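A.B. asks: Take a look at the letters that make up each chain.
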Amino acid sequence: MSNQRRRPLRDNSLSIVFGLLLLVTLAAQAVSGAALYNEQARTAGLQEISFARYLSSSQFAVDVAENWQSEYLQFTLYILLTVWLIQRGSSESKKPGESGRESDEKQHVGPFALPDSPRWARAGGWRTAVYSHSLVSVMAVIFLLSWAAQAVAGRVANNQDRMRNLLPPEGLASYIGSADFWSRTLQNWQSELLAIASMAVFAIYLRERGSPESKLVGAPHVETSSDD
Amino acid sequence: MRHQVMTRRVHAPIAAGLLALVALSACASPEADGVAAAATRFAAFSATAPDKACLLLAPGTRRELEDSSKSRCGKALPEQKLPGSARITAVDVAGDSARVVTASQTLFLARFDAGWKVTAAGCKQVTADDAKPYTCLVKGS
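Chains as they are written, first to last, in my numbering: chain Y, 1 to 228; chain A, 1001 to 1141.
Each hint should be verified, as a subset may be incorrect.
[Unchecked claim] Below are the SDA-like pairs computed for lysine to any residue, each with C-alpha atoms no more than 25 Å apart in a straight line:
1. A:K1124 to Y:L166
2. A:K1052 to Y:A44
3. A:K1081 to Y:R42
4. A:K1132 to Y:R42
5. A:K1070 to Y:A44
6. A:K1052 to A:G1115
7. A:K1124 to Y:N165
8. A:K1132 to Y:A195
9. A:K1132 to Y:D180
10. A:K1132 to Y:A44
11. A:K1132 to Y:G171
12. A:K1132 to Y:W182
13. A:K1124 to Y:G45
14. A:K1132 to Y:A41
15. A:K1132 to Y:N165
Honestly, the hints are just simulated from the structure, not real lab data.
Bear in mind that the values here come from a model prediction, so they are computed numbers and not experimental data.
Turn these sequences into a full structure, and let the hints guide you.
C.D. replies: Rendered as C-alpha cells:
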C-alpha cells in the first residue's frame, strides 16, 4: 500500500461515478418510458398514468430487467470463459499457455496465502472453494434473478397489451416460450456478446492511453497481457 | 370464481429493490374484485338500464358504438343484444387491462381514474388460435 492519504471520494471515484450515471440514466429511462406509455394510452383512448404509477408498472420493470439480465450474463460469461479461452494479443486475455484454474501458489490460497489475503482464501477447504468462485456465483445469481424478473414482469406487460387488443392473456409457462420473451432476451444477448467480442479484438490493435482496459500505447500487438 | 391476478404494485426503493419488486408482481390483489364488480354491473345494466351501462363503457368504446349506430349509447346498446348477467368463471388482471369470462360472454376492461370501464363486451373466442382476437358485439375502434 502506498503512503498516499486515503480519500474516500477519490479512492472510490469509479464506483461512485458509475453509480451516479446509473441513477441518472435510470431516471431518464423512466421519464421517457412514462411518456411513451402515455402516448400509447392516448392513441388507444385509454387512461394516462402518473409518473409514480409508471415506476411501479410492469412495463418499466421488464424494460429494466431485460437489460440488467443481459449485462450480468455478459460479465458472468466473460469472467468464466476467460479462465480457459485465450485471445492472443488482447489485454483482455491471459497469455497463451496460462489457461485454466492455475495453481494454489499463483492464486495465493491455502498455505500460499499472503499476510493480507482474505480470510476465506487462507482458510482452505470449502471456504476457499466457495470464495474462489464467489464473483461468478454472485454475477450468475443476479443474472438468473433478473431474467426471472423479466419473465414475471414481461408476462404482465405483455398480457396488458394482449387484453387491450382483445387477445386472451398467457400463463407464465406459455409466456416463457413466447416470441415476446425471447425477442426481448436475445436482442439484449446479441448486443452484449458483440461488445465483448469486439472489445477482445480491438484491444489487440487499439489503445487508450492511461486506461487499465488497454495495453500500453507502445506495447506490441503480439503482447497478450499488459500485466507485466 | 378464479382470480388470476397479476398486479404491478411494488413497494421498495428503485435500484436494489427492483428485482424483488418485480418478483412480487405476481401476488394477488383485490383489484380482481373491482374488475368483477364492474363487469357484473355492466352485464346487469346492459339489458335493464342501458343508460347506466353506458356510464360503465370506456369513452372510446362508447364513441364507437354511437358512431357506428348513429344513435345515442342508451338506445344503441340494447340493440346489440348483449348476453345478460351470468356466473363469472375467470378474472384476469394485468396492469391496466382485464378480462372477465362469464358463462355467456367475455368482457374486456381497462382502468380509468373513475374505476374499471368496459372496453369490449359480448366477446367470444371463435378460434383456438390465441394470436387471433375475440370477436365482440361492442368494442372500441
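A.B. asks: Now, for every hint given, state plainly whether the structure supports it.
C.D. replies: Hint check:
Between the alpha carbons of K1124 (chain A) and L166 (chain Y) the distance comes to roughly 10 Å, so the proposed pair stays at or under 25 Å and holds. Under the criterion of a C-alpha separation no larger than 25 Å, the hint pairing K1052 (chain A) with A44 (chain Y) is consistent with the structure, at around 23 Å. As the CA atoms of K1081 (chain A) and R42 (chain Y) are separated by approximately 29 Å, the hinted pair breaks the 25 Å bound. For a cut-off of 25 Å, the pair hint linking K1132 (chain A) to R42 (chain Y) stands: about 24 Å separates their Cα positions.
Between the alpha carbons of K1070 (chain A) and A44 (chain Y) the distance comes to roughly 22 Å, so the proposed pair stays at or under 25 Å and holds. Distance check on the hinted pair: K1052 (chain A) and G1115 (chain A) sit about 15 Å apart at the alpha-carbon level, within 25 Å; holds. With a C-alpha separation of about 14 Å, the suggested pair K1124 (chain A) and N165 (chain Y) falls inside the 25 Å cut-off, and the hint holds. For the suggested pair K1132 (chain A) and A195 (chain Y), the alpha carbons sit about 38 Å apart, so the restraint of at most 25 Å is broken.
A hinted pair counts as satisfied when its Cα atoms are at most 25 Å apart, and K1132 (chain A) with D180 (chain Y) qualifies at roughly 16 Å. Of the pairs offered as hints, the one joining K1132 (chain A) and A44 (chain Y) holds, with about 19 Å between alpha carbons and a cut-off of 25 Å not exceeded. Only pairs whose Cα atoms come within 25 Å are accepted, and K1132 (chain A) paired with G171 (chain Y) is accepted, the gap being roughly 17 Å. This hinted pair checks out: K1132 (chain A) and W182 (chain Y) have alpha carbons roughly 20 Å apart, not beyond 25 Å.
For a cut-off of 25 Å, the pair hint linking K1124 (chain A) to G45 (chain Y) stands: about 23 Å separates their Cα positions. Proximity of K1132 (chain A) to A41 (chain Y) is assessed by CA-CA distance (about 22 Å); at most 25 Å being required, the pair is judged to hold. Of the supplied pair hints, the one linking K1132 (chain A) and N165 (chain Y) holds, its CA atoms being roughly 10 Å apart against a limit of 25 Å.
In the structure shown, a violation is registered for the earlier hints numbered 3, 8, in ascending order.
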